[in-house]
Amino acid sequence: MSPVIDIRGLDKRFGSTVALDGLDLEVGAGEVHGFLGPNGAGKSTTIRILLGLARPSGGEARLFDRDPWRDSAELHRRVAYVPGDVSLWPNLSGGEAIDLLSRLRGGTTDRRAYEERRDRLVEAFQLDPRKKGRAYSKGNRQKVALVAAFATPADLYVLDEPTSGLDPLMGEVFNREIARVAAEGATVLLSSHILSEVELLCDRVSIIRAGRRIESGTLADLRHLTRSSIAFAHQPGREAEVEALDGAHDVVVNSGRVQFTVDSDRVAALLPQLGRLGVQGLTVAPPSLEELFLRHYGDAEVVEGAEATR
Numbered sequence: 001m002s003p004v005i006d007i008r009g010l011d012k013r014f015g016s017t018v019a020l021d022g023l024d025l026e027v028g029a030g031e032v033h034g035f036l037g038p039n040g041a042g043k044s045t046t047i048r049i050l051l052g053l054a055r056p057s058g059g060e061a062r063l064f065d066r067d068p069w070r071d072s073a074e075l076h077r078r079v080a081y082v083p084g085d086v087s088l089w090p091n092l093s094g095g096e097a098i099d100l101l102s103r104l105r106g107g108t109t110d111r112r113a114y115e116e117r118r119d120r121l122v123e124a125f126q127l128d129p130r131k132k133g134r135a136y137s138k139g140n141r142q143k144v145a146l147v148a149a150f151a152t153p154a155d156l157y158v159l160d161e162p163t164s165g166l167d168p169l170m171g172e173v174f175n176r177e178i179a180r181v182a183a184e185g186a187t188v189l190l191s192s193h194i195l196s197e198v199e200l201l202c203d204r205v206s207i208i209r210a211g212r213r214i215e216s217g218t219l220a221d222l223r224h225l226t227r228s229s230i231a232f233a234h235q236p237g238r239e240a241e242v243e244a245l246d247g248a249h250d251v252v253v254n255s256g257r258v259q260f261t262v263d264s265d266r267v268a269a270l271l272p273q274l275g276r277l278g279v280q281g282l283t284v285a286p287p288s289l290e291e292l293f294l295r296h297y298g299d300a301e302v303v304e305g306a307e308a309t310r
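Residues in the sequence shown are numbered from 1 upward in steps of one, following this note's numbering.
No lab work stands behind these hints, which were simulated from the structure alone.
Every value quoted in this text rests on a predicted model; they were computed, and no experiment measured them.
Positions of the beta carbon are idealized from the N, C-alpha and C atoms, including for glycine.
Incorrect hints may appear among the rest.
To be verified - For each label pair, taking beta carbons as the anchor points, the in silico distance ranges come out as:
hint, residue 1, residue 2, range
1, Gly281, Ser196, 24 to 32 Å
2, Arg130, Asp263, 54 to 62 Å
3, Gly58, Arg112, 44 to 52 Å
Please put together the full structure from these sequences, using the hints given.
Structure below.
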């Protein structure tokens, strides 16, 4: 089966600025794929090309084995898109905007089924559909776009920072909707700075930097790139034995517990050594996607941005 998204050697230049530099990306049918990278990495440019809103300077992008630039009108009926900063028609109510967007994608043919989906989503997202677009906050504008996207079934959901401006409760509603459409067989491309969100929802992840993909795979595939955290109750007088453990790094005694890190692919070999020491209160924490992300982007700006999502 052909991948839903197939990008090979994609280039995009704006004058002397290189936005994409030989990007490769593949997303299979039914997959929830995380698309990660710092600001300026090329994520939004990639999405614009997939939506037929920008033309590549080189390379190839295929969506459902079609050209997004030439076949955009046909492809848009199969794609739901939610940007990170939604603009609405100021004089239309939220409900009118949702209905208009759904009609553009042909989703209101079965009027009764559409209205049931729309009304369920309006209630779940706690949206007042009677307000005019100009009266909505940023979070409520996001809700309008999300309701419109999920009210009409799509084969592909392209989501670019879709929960920007939503509170944690509405984030949980979003997570449930992603799980629902994935269970129904839809494909999702999710670009997000909320790494815990990606970690929870995504089957596979691609990390891009400076317009190029630098890593791609399942979370299990990528976790070998960083270290797991080990902690257990402190046993006075045995610090030297702990420091001598094969593979232990950065051993610290803090608040009555010993903590250190170990390469994730060496955890299994280390556990028998800990058993021989008779440790108590043992915890093993696998590396989070945030740790993996910061290992690639160690500059201060990215670290500060990731800390803000905690």
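Against the structure, the hints:
1. Checked against the hint of 24 to 32 Å, the C-beta distance between Gly281 and Ser196 comes to roughly 25 Å, which is consistent with it.
2. Roughly 56 Å separates the CB atoms of Arg130 and Asp263, a value that falls within the hinted 54 to 62 Å.
3. Checked against the hint of 44 to 52 Å, the pair Gly58 and Arg112 passes, with Cβ atoms roughly 47 Å apart.
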